[in-house]
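Trainee: Single-letter residue listing:
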Amino acid sequence: MEKARVDLPPKGGFSFDLCRRNEMLTKKGLQLPGFRKTGTTIVGLIFEDGVILGADTRATEGPIVADKNCEKIHYMAPNIYCCGAGTAADTEAVTDMVSSQLQLHRYATRRESRVITALTLLKSHLFSYQGHVSAALVLGGVDITGPHLHTVYPHGSTDTLPFATMGSGSLAAMAVFESKYKEGLTREDGIQLVGEAICSGIFNDLGSGSNVDVCVITKGKTDYLRNHQLPNPRTYISSRGYSFDRGHTEVLSTKITPLKLKAEVVENDAMEE
Amino acid sequence: MGDSQYSFSLTTFSPSGKLVQIEHALMAVGSGQTSLGIKAANGVVIATEKKLPSILVDEASIQKIQLMTPNIGVVYSGMGPDSRVLVRKSRKQAQQYYRLYKETIPVTQLVRETATVMQEFTQSGGVRPFGVSLLIAGFDDSGPQLYQVDPSGSYFSWKASAMGKNVSNAKTFLEKRYTEDMELDDAVHTALLTLKEGFEGQISSKNIEIGLIGTDRKFRVLSPAEIDDYLAEVE
Numbered sequence: 001m002e003k004a005r006v007d008l009p010p011k012g013g014f015s016f017d018l019c020r021r022n023e024m025l026t027k028k029g030l031q032l033p034g035f036r037k038t039g040t041t042i043v044g045l046i047f048e049d050g051v052i053l054g055a056d057t058r059a060t061e062g063p064i065v066a067d068k069n070c071e072k073i074h075y076m077a078p079n080i081y082c083c084g085a086g087t088a089a090d091t092e093a094v095t096d097m098v099s100s101q102l103q104l105h106r107y108a109t110r111r112e113s114r115v116i117t118a119l120t121l122l123k124s125h126l127f128s129y130q131g132h133v134s135a136a137l138v139l140g141g142v143d144i145t146g147p148h149l150h151t152v153y154p155h156g157s158t159d160t161l162p163f164a165t166m167g168s169g170s171l172a173a174m175a176v177f178e179s180k181y182k183e184g185l186t187r188e189d190g191i192q193l194v195g196e197a198i199c200s201g202i203f204n205d206l207g208s209g210s211n212v213d214v215c216v217i218t219k220g221k222t223d224y225l226r227n228h229q230l231p232n233p234r235t236y237i238s239s240r241g242y243s244f245d246r247g248h249t250e251v252l253s254t255k256i257t258p259l260k261l262k263a264e265v266v267e268n269d270a271m272e273e
Numbered sequence: 001m002g003d004s005q006y007s008f009s010l011t012t013f014s015p016s017g018k019l020v021q022i023e024h025a026l027m028a029v030g031s032g033q034t035s036l037g038i039k040a041a042n043g044v045v046i047a048t049e050k051k052l053p054s055i056l057v058d059e060a061s062i063q064k065i066q067l068m069t070p071n072i073g074v075v076y077s078g079m080g081p082d083s084r085v086l087v088r089k090s091r092k093q094a095q096q097y098y099r100l101y102k103e104t105i106p107v108t109q110l111v112r113e114t115a116t117v118m119q120e121f122t123q124s125g126g127v128r129p130f131g132v133s134l135l136i137a138g139f140d141d142s143g144p145q146l147y148q149v150d151p152s153g154s155y156f157s158w159k160a161s162a163m164g165k166n167v168s169n170a171k172t173f174l175e176k177r178y179t180e181d182m183e184l185d186d187a188v189h190t191a192l193l194t195l196k197e198g199f200e201g202q203i204s205s206k207n208i209e210i211g212l213i214g215t216d217r218k219f220r221v222l223s224p225a226e227i228d229d230y231l232a233e234v235e
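Note that the protein sequences, when read in sequence, are chains E and D.
If you read the first sequence in full-length UniProt numbering, its first letter stands for residue 1, the second for the next number, and so on.
If you read the second sequence in full-length UniProt numbering, its first letter stands for residue 1, the second for the next number, and so on.
Pulled out of the complex, with its shape left as it was, chain E reads as follows (with noise of 0.2 Å):
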């Protein structure tokens, strides 16, 4: 009797077969290719109402800036919501995973999603990385127990706070918080702290760059506030503009090289049938 053909998921789970070939070729002296990380401030605090997330949006590759402004705070659930630091592939891949379990669960239960939840399926899922799935995230919501906050470190430990920072800018961005945070802010205050925060850490930490990116979530209702400050801006543009007539450049010397004619095209009568 044949088994029923059942859809069996690809095993899952890192793949090692290439590290000993990896390892051998390093100490011959290949560089590995880097990898795009967000050198990063994200931050997070409760508030009266609900959760403020904030974030920088600089994505480097080593000490290139490779998006100016890219987004990291992430989608989870229309009441939860997670920054991102660490690789960017990681972070991206990890958040939409989640993000899509939770959308099954909640048609499965019908039922609002809970930060718990997200929680538990992140920590789950990094710790069975053992570390290589390098994601270091700041989830925060509101659900029908109230508002959450928690940080997840990539080998899958968590914590619970009132407020939380993560990134290479977090220790800038915590003396922020450490000496203004207060219980009950309130929405503006809580703004306001927030984006001093993510300032503190985009203009002390070179990982950090670029504009703050604030998400607000009540009871009911979420803000994404993409680029809520623009500390930043290009600052000189020349009002002449930039087009350049010739003789700006002095020219050193001219070499002519003619195209070698390399076929004929022959004019073809029209085909005959």
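The set of hints was computed from the structure by calculation and includes no laboratory data.
Please read all numbers here as calculations on a predicted model, not as lab measurements.
Calculated pairs, DSSO-like style, for lysine-lysine (alpha carbon to alpha carbon, straight line, at most 30 Å):
(1) E:K221 - D:K102
(2) D:K51 - D:K159
(3) D:K102 - E:K68
Listed below are several chain E residues computed to face chain D (Cβ distance under 10 Å; list not exhaustive):
(4) D96
(5) M97
(6) S100
(7) Q101
(8) Q103
(9) L104
(10) Y107
(11) A108
(12) R110
Backbone N, C-alpha and C fix where the C-beta goes; we use that ideal spot for every residue, glycine too.
With the hints as your guide, set chain D onto chain E.
Mentor: What follows is chain D alone, placed relative to chain E:
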């Protein structure tokens, strides 16, 4: 009947060229509660009887019309548990499609994937066909669409269709009443009248379910209060 010798095994054709198990599955559908769907010019409506086995059953806990994606809904006639399995698989496939293409799945694609699942269960060992026919209603870039999927895995696009106990009466009624340029509200009224045709007992918001999707592309199931409003308009 010579066919009866071949009716036990799904994977064996009968001499007349039929797969008798699928015929039997269609009988299971035909004895299920009536459901119908109507495609209007600016949306789709699907409706079904919700006859509970006893007055003691908590009717608020049962929802026959389900969402597969925010813009695609489904109703069934036949065996409820079978439909649950299909809906679950289809939801997962819709999510996988989104993960791969970052685009919400078009209605035709989801219908095709669902039909493929149903067909697989007619050509595998040790399984039986699903005892449901589904009416899938959706609104995407190609406009409003209504599809019916049968236990064999075949699917058709309908302007209006019915399935279940009262199918022949309902279809005749729909053929008479259907017009190409119907608006969504008219379609809801027509759906209610069609349900009323073969309804045993008094029709009310407690023993029918209606789901609809309009140009806002958000499928939703009507609340009992809204159904009462429509019923009052129809009286």
